[in-house]
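Engineer: Given the sequences, and given the hints that come with them, work out the whole structure.
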Amino acid sequence: MFINHCDRGCVKPTVEAVRHVASAGALIFEADSIGGEAYYRYDAPVSFGPFRPTVGISFDTLGDVWVGIGAVNEFRTSHGPGYAELSFIPGWWMRSADGPVLGYPLEFRSGIEAGFYRESGARIGVSLDHRSNGELSYPVPNPGLETVMVRVGR
0 MFINHCDRGC
10 VKPTVEAVRH
20 VASAGALIFE
30 ADSIGGEAYY
40 RYDAPVSFGP
50 FRPTVGISFD
60 TLGDVWVGIG
70 AVNEFRTSHG
80 PGYAELSFIP
90 GWWMRSADGP
100 VLGYPLEFRS
110 GIEAGFYRES
120 GARIGVSLDH
130 RSNGELSYPV
140 PNPGLETVMV
150 RVGR
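According to numbering that gives the first Met the number 0, the stretch in the sequence shown is residues 0 to 153, in order.
There's no promise every hint is true.
Claimed, not checked - Label pairs and their calculated CB-CB ranges: (1) Lys11 / Leu127: 43 to 51 Å; (2) Glu29 / Cys9: 37 to 45 Å; (3) Tyr41 / Glu118: 22 to 30 Å; (4) Pro140 / Val17: 34 to 42 Å; (5) Val139 / Pro80: 39 to 47 Å; (6) Ile123 / Val54: 39 to 47 Å; (7) Glu118 / Val14: 40 to 48 Å; (8) Cys9 / Ser119: 27 to 35 Å; (9) Pro80 / Glu29: 30 to 38 Å; (10) Lys11 / Val100: 18 to 26 Å; (11) Val147 / Cys9: 30 to 38 Å; (12) Pro140 / Ser109: 12 to 20 Å; (13) Lys11 / Val139: 36 to 44 Å.
Hints were generated in silico from the structure; no laboratory data involved.
Note that CB positions come from ideal geometry on N, CA and C, so glycine has one too.
Structural biologist: The structure is reproduced here in structure tokens:
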């Protein structure tokens, strides 16, 4: 943050273009693919230093729903269309009767994404998201849940 953002104020608000992000991919629980997931994220039109507020919602083929609010941090290549992004989004897990038991309804979704921007401004990437409750469910096990996705943003 110091290197890239403190020349204009470390967490000074900066106007950004709204970004809509859609993704779909495989849902992985305890090393087994158990279904698919569709995920939508809305990145706010402002950032605070490297942190951009975001809200997201996902639905999986088992009937589970996750809703969260958090932040993303994008890193761009100095020359060229490449980018990488980290995210941390605490959210509420609504398990269906067929969904995996994660141990607690509060699930933190953290992710890493890499991809490239097209000339149109759209971006395409691949991502890995992990959901965990950070042992809030102790002594109930906290197995976590992963999603590997293809992601498109505009």
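Engineer: For each hint, tell me whether it holds in the structure or not.
Structural biologist: Hint check results:
no., hint, result
1, Lys11 / Leu127: 43 to 51 Å, "violated (31 Å)"
2, Glu29 / Cys9: 37 to 45 Å, "holds (40 Å)"
3, Tyr41 / Glu118: 22 to 30 Å, "holds (24 Å)"
4, Pro140 / Val17: 34 to 42 Å, "holds (39 Å)"
5, Val139 / Pro80: 39 to 47 Å, "holds (44 Å)"
6, Ile123 / Val54: 39 to 47 Å, "violated (22 Å)"
7, Glu118 / Val14: 40 to 48 Å, "violated (22 Å)"
8, Cys9 / Ser119: 27 to 35 Å, "holds (32 Å)"
9, Pro80 / Glu29: 30 to 38 Å, "holds (36 Å)"
10, Lys11 / Val100: 18 to 26 Å, "violated (43 Å)"
11, Val147 / Cys9: 30 to 38 Å, "holds (34 Å)"
12, Pro140 / Ser109: 12 to 20 Å, "holds (19 Å)"
13, Lys11 / Val139: 36 to 44 Å, "holds (42 Å)"
Figure legend: structure checked against the earlier numbered hints; hints not met, in rising order: 1, 6, 7, 10.
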